[in-house]
Amino acid sequence: MQPSNISARFARRATLSRSVRLLAQFRFEQSEPARFYEALATDTVALTTDLWTAATGESPSGRTVLDVGGGPGYFASAFEQAGMHYIGVEPDPREAHAGAARAATSGPSPAAHAASGTFVRASGMALPFADDSVDVCLSSNVAEHVPHPWRLGNEMLRVTKPGGLAVLSYTVWLGPFGGHEMGLTHYLGGARAAERYTRRHGHRPKNDYGSSLFAVSAADGLQWARATGSLVAAFPRYHPRWAWWMTSVPGLREFLVSNLVLVLQPR
10 MQPSNISARF
20 ARRATLSRSV
30 RLLAQFRFEQ
40 SEPARFYEAL
50 ATDTVALTTD
60 LWTAATGESP
70 SGRTVLDVGG
80 GPGYFASAFE
90 QAGMHYIGVE
100 PDPREAHAGA
110 ARAATSGPSP
120 AAHAASGTFV
130 RASGMALPFA
140 DDSVDVCLSS
150 NVAEHVPHPW
160 RLGNEMLRVT
170 KPGGLAVLSY
180 TVWLGPFGGH
190 EMGLTHYLGG
200 ARAAERYTRR
210 HGHRPKNDYG
220 SSLFAVSAAD
230 GLQWARATGS
240 LVAAFPRYHP
250 RWAWWMTSVP
260 GLREFLVSNL
270 VLVLQPR
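Quick note on my numbering: the sequence shown kicks off at 10 and runs consecutively.
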């Protein structure tokens, strides 16, 4: 797949060395989450900056970024340091309190200021924000964790200003990382993989198939995005530029794309 005008700027950054560097960090996701997510946050800010600059011709400094499923706030400092106003949304208070973020759980306002950024406790499938209220709406590796991923996508589009960007990135189920901590056993079936993990470790996986992990395909994401009329780019998040063609090949993309980025621009 040839990069669109909007993704071409980021395509220059999508080198093999970047892919190897990010892949090396994945093994620390659960053992050293700060190490993993800080590296991912830096890369995500670069991705967002490139996409915004290509789409608008302007710097994203001063713009508002709504991060749906922002978790414990590892992305907040990176976006704030880049000059953007960060709002993180997280429905699970345990996840929100796992890091620096302090989610708002009471009081007249749903938002609370943490050391960096603003955090809101809410579901990504029912965002408590007005229509056309943010410049960039980002969701990084969340769609596979909700039962209705395209409801989440529609909410992201609703709150994004015309001319802004909605960037939805998610792990493709049939890719090598689709099973998350269950490894490649997800190819045996999600429920079977979860049971196998439970027997081996004595507890359910954090990403438990059917409750906190769902099978989301590349084809479904592309179909939804095209139906909105707002899709401006689609590419594998962690692949080098020369491998982006995989996104265009039905069947093959389900196994090799691994993580799909959908970039949408409401009009």
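Source of the hints: derived by calculation from the structure; they are not laboratory data. No residue lacks a Cβ here, since even glycine has one placed at the ideal position from N, Cα and C. Fair warning: there could be bad hints in the mix.
For each label pair, taking beta carbons as the anchor points, the in silico distance ranges come out as [as the list claims (entries may be wrong)]: (1) N14 / A135: 20 to 26 Å; (2) G260 / P156: 20 to 26 Å; (3) W254 / D229: 18 to 24 Å; (4) S70 / L197: 22 to 28 Å; (5) P185 / S70: 32 to 38 Å; (6) P259 / A200: 22 to 28 Å; (7) E67 / L193: 31 to 37 Å; (8) S220 / L197: 26 to 32 Å.
Here is what the structure says about each hint:
1. Range check, N14 to A135: Cβ separation about 33 Å, and the 20 to 26 Å hint is violated.
2. G260 and P156 have their C-beta atoms about 25 Å apart, which keeps the hinted 20 to 26 Å range intact.
3. Between W254 and D229 the CB atoms are about 20 Å apart, so this pair conforms to the stated range of 18 to 24 Å.
4. For the hinted restraint 22 to 28 Å between S70 and L197, the CB-CB distance of approximately 47 Å leaves it violated.
5. About 36 Å separates the C-beta atoms of P185 and S70, a value consistent with the hinted range of 32 to 38 Å.
6. Here the CB-CB span from P259 to A200 is close to 26 Å, well matched to the stated 22 to 28 Å.
7. Under the hint 31 to 37 Å, the C-beta atoms of E67 and L193, about 43 Å apart, miss the expected range.
8. Distance hint for S220 and L197: a CB-CB separation of about 18 Å, inconsistent with the stated range 26 to 32 Å.
Checked against the numbered hints above, the structure breaks hints 1, 4, 7 and 8 and satisfies the rest.
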